[in-house]
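Model the full structure from these sequences, guided by the hints.
Letter by letter, the chains look like this.
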Amino acid sequence: MSSSTAAQPYAPKTRTGKVTDYVDSRVGGSGIVKEFGRKIFPDHWTFMFGEVALYTFVILLLTGTFLTFFYDPSMAETHYEGSYLPLRGVEMSVAYASSLDISFDVRGGLLMRQIHHWSALLFVASVAVHMLRVFFTGAFRRPREFNWVVGCTLLILSLAAGFTGYSLPDDLLSGNGLRIIDGVMKAIPVVGTYLSFFLFGGEFPGTMIIGRLYVLHILLIPAVILLLIGIHLFMVVLHKHSQFPGPGRTNTNVVGYPVGPVYAAKAGGFFFIVFGVLAAISAAFTINPIWNYGPYDPSPVSAGTQPDWYIGWVDGALRLMPGTLGDNFDFEFLLPFPWGVNTLSLNVLIPALVPAMIVFTAMFAWPWVEAWVTKDKREHHLLDRPRNAPTRTAIGVAGVTFYCVMWAAASSDLIATHFMVSLNDVTYWLRFLVIFGPILAFMASRRISLALQRKDREIALHGRETGRIVRLPHGEFIEVHEPVDDYKRYKLTAFESPEVTVPKPDENGKISLLDKAHGRVSRFFFEDRVAPVTPKELEASHGDHHGEVAGAKDRESIASH
Amino acid sequence: MKALSQRRRHPLAALALLLMALLLTGGIYAAASTANEAQAQTTTFTADDVEEGSKLFSANCASCHGMGATGSDAAPSLIGVGAASVDFQVGTGRMPMQMDGPQAQAKPVQFTEEQISQMAAYVASLGAGPSIPSEEILDASEGDPAHGGELFRVNCAMCHNAAAAGGALTRGKYAPSLDGVSEKHIYEAMVTGPQNMPVFSDANVSPEDKQDIIAFLKTIEEQGSPGGADLGSLGPVSEGLFIWVAGLGVIIAFTVWLTSRSS
Chain F
0 MSSSTAAQPY APKTRTGKVT DYVDSRVGGS GIVKEFGRKI FPDHWTFMFG
50 EVALYTFVIL LLTGTFLTFF YDPSMAETHY EGSYLPLRGV EMSVAYASSL
100 DISFDVRGGL LMRQIHHWSA LLFVASVAVH MLRVFFTGAF RRPREFNWVV
150 GCTLLILSLA AGFTGYSLPD DLLSGNGLRI IDGVMKAIPV VGTYLSFFLF
200 GGEFPGTMII GRLYVLHILL IPAVILLLIG IHLFMVVLHK HSQFPGPGRT
250 NTNVVGYPVG PVYAAKAGGF FFIVFGVLAA ISAAFTINPI WNYGPYDPSP
300 VSAGTQPDWY IGWVDGALRL MPGTLGDNFD FEFLLPFPWG VNTLSLNVLI
350 PALVPAMIVF TAMFAWPWVE AWVTKDKREH HLLDRPRNAP TRTAIGVAGV
400 TFYCVMWAAA SSDLIATHFM VSLNDVTYWL RFLVIFGPIL AFMASRRISL
450 ALQRKDREIA LHGRETGRIV RLPHGEFIEV HEPVDDYKRY KLTAFESPEV
500 TVPKPDENGK ISLLDKAHGR VSRFFFEDRV APVTPKELEA SHGDHHGEVA
550 GAKDRESIAS H
Chain R
0 MKALSQRRRH PLAALALLLM ALLLTGGIYA AASTANEAQA QTTTFTADDV
50 EEGSKLFSAN CASCHGMGAT GSDAAPSLIG VGAASVDFQV GTGRMPMQMD
100 GPQAQAKPVQ FTEEQISQMA AYVASLGAGP SIPSEEILDA SEGDPAHGGE
150 LFRVNCAMCH NAAAAGGALT RGKYAPSLDG VSEKHIYEAM VTGPQNMPVF
200 SDANVSPEDK QDIIAFLKTI EEQGSPGGAD LGSLGPVSEG LFIWVAGLGV
250 IIAFTVWLTS RSS
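One line per chain: the protein sequences are F and R, in this order.
Oh and the first sequence: position 296 is 295 in numbering that gives the first Met the number 0, straight run, nothing missing.
Oh and the second sequence: position 198 is 197 in numbering that gives the first Met the number 0, straight run, nothing missing.
The set of hints was computed from the structure by calculation and includes no laboratory data.
Errors might be hidden in some of the hints.
To be verified - Partner residues aside, some chain R positions facing chain F, computed with beta carbon under 10 Å: (1) ALA145; (2) ALA174; (3) ARG260.
Stated by the list, open to error - So these bits of chain F aren't anywhere near chain R, every CB distance computed over 12 Å: (4) ARG106; (5) VAL353; (6) ASP485.
What the hints assert, rightly or not - Simulated restraints, written as ranges between beta carbons of each label pair: (7) THR64/F / THR258/R: 30 to 36 Å; (8) TRP243/R / LEU343/F: 35 to 41 Å; (9) PRO225/R / HIS417/F: 22 to 28 Å.
Glycine is no exception: its CB is placed at the ideal position from the N, C-alpha and C atoms.
Put into structure tokens, the structure is as follows:
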């Protein structure tokens, strides 16, 4: 474009051109497309879980909107007159009756309900897997610490969205879940009963709770989730996407495809794939068959009463907590106050709050904990392979184990019936595992990480074992090692391995307590390490891929085989 | 009236009053306990049946339950358990017991209908107990499934699961799934309380209510699952397992496909 024509306003020639130019000159879309369309994203299948979470959230909004057209969050009493025979004439709340109507009398209602619920399960699952990916690859390091915190908040909000939605049908199953919430709240000393009365608008179950949960579920929580998703994605664009190390991939570039047209097509197509998979699952498999459970009534509790999977770990912790230790110690204390005696029920409060506090505190604080340990203030855009950060990986696996044992405990009754074992034994074993499982998992996974690093080192230096056995002229048998190609070797050697930092005395010759503590933690983290292959070592091993004994002549004869 | 008031301070008045009170309470108790008793025998057994049943009992049951069904250290006395108990335990294969364990498990039935009824006749002849229910009360089409469902959720679901899929009890015991259990055996289980199940007497759950419960169970059994495959009707655990394994598995397969380089 020459300078003389640059002054001329652009005159589109085609009809489409005129329309787009009309819009563009008022909205400025081309600038956004130019900037955002050329944004590069790296390709790796583990980078797509966040996308799954986003798409399931969109599906939740779509199907949820449909459900609000027919759902009535009223706890007024009614008698069911719909088409499901085994509940005809039964006294129930309007909320439950309208949920049944959605299931049996609204065209497409049951499918929508099932897509909504299956999407909710997949939403939280994909959020969880996405976070595990970010954790184990070290993608939370500078500059992404705040985005990690936003992600943690999103996880908690998705749990809240799930739980409030689970309670809306006002069936027996969800009512039992609310009863547990009520029980936990009432276990809080002094203010517990007040909190419960505020939430339920009187004694449980009252006539308010469904309406209140409905407002939280369809208005407040999704709005905050949407806001945080916006912030989350904005920061992804701002920081650029992290990538796994590879030839040509550095801390200052992003190697991949641009959004337009590749990722726009891939991501758009992926949305329909996720929607399609969920629709297929929902059409073929039932979820939360509320008609089985009947209307909520505080007296019955059905066997097999569990929350949805993401709340299961808290339920499991409650199941694992012993009611009493020995014959007398029952975890209950009477607190004398000026106004009388209040009860402190630790056998409810400990399992309900302590594991959640441990998990969430560790999760939120981790980026800063690790930064303090490594004293690493640099930006990181290249990801770690989990094995190359053995202690972080081991701590992560320990956390996952802690979570999974509690998760399993929520299904202790089903483990007992399906594996034909005693429910009591299942509980005893899981009590043991919830304490020692994480420790064992930590030790095992750190050893496995180090072993994998050693294997990588071997392969980088001596190549791949081909399984081809060759007999040399002087009678010796050797196995031929095939050197790995440069791309693979880059992957095996390009990583950082921090070493233990020893605390240094200050000008007075003293080491502060904090520095001493740091020294101990640093030793705990980095004492066992496998050093990455150095160029020198690589040079020394070069051309010698089958052992040190074979001479040049032998090598020739091997090559000719 | 005057005669009565004149004699109210008679030395024997207290005794008469006591007698009257005893008669009254005893009478009420007798009336109440007969109401609680199982329905009158609906199946009649011949002396021949009892005789044959006695032989079968001696050959197959007496080693644990003792000669004359008086019980032993290994097994309880069967005097007064009634024909319904025999029909349930033997008719579902729970007896003779396959092995010692937390509870007797259902297995293929070991005896013919005739043999079972002969053993039932023998045990019924030892003492009064719940009898085998009649055909009319077992007719599920006469019951009200909605009312039965309410009763089921209040009385049965805490062990058997709201969808009658079964559930765990303590120390290896369990409440079995009720899918495919015959009307007769459901009724008999309620009146006899086998294994760890409590007895739901006619005073607690009337025969008509039992019929409603059977109607409920048969309705949910026949209607199938309206929303697609039910994943065992085990609730959120099987749903969670399904989405993590199958749902996420399929999604991961797609992510791998989408990020694979086309060659």
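- [ ] Quick one: which hint numbers does this structure break? Sort them smallest to largest.
- [x] Those not satisfied: there are none.
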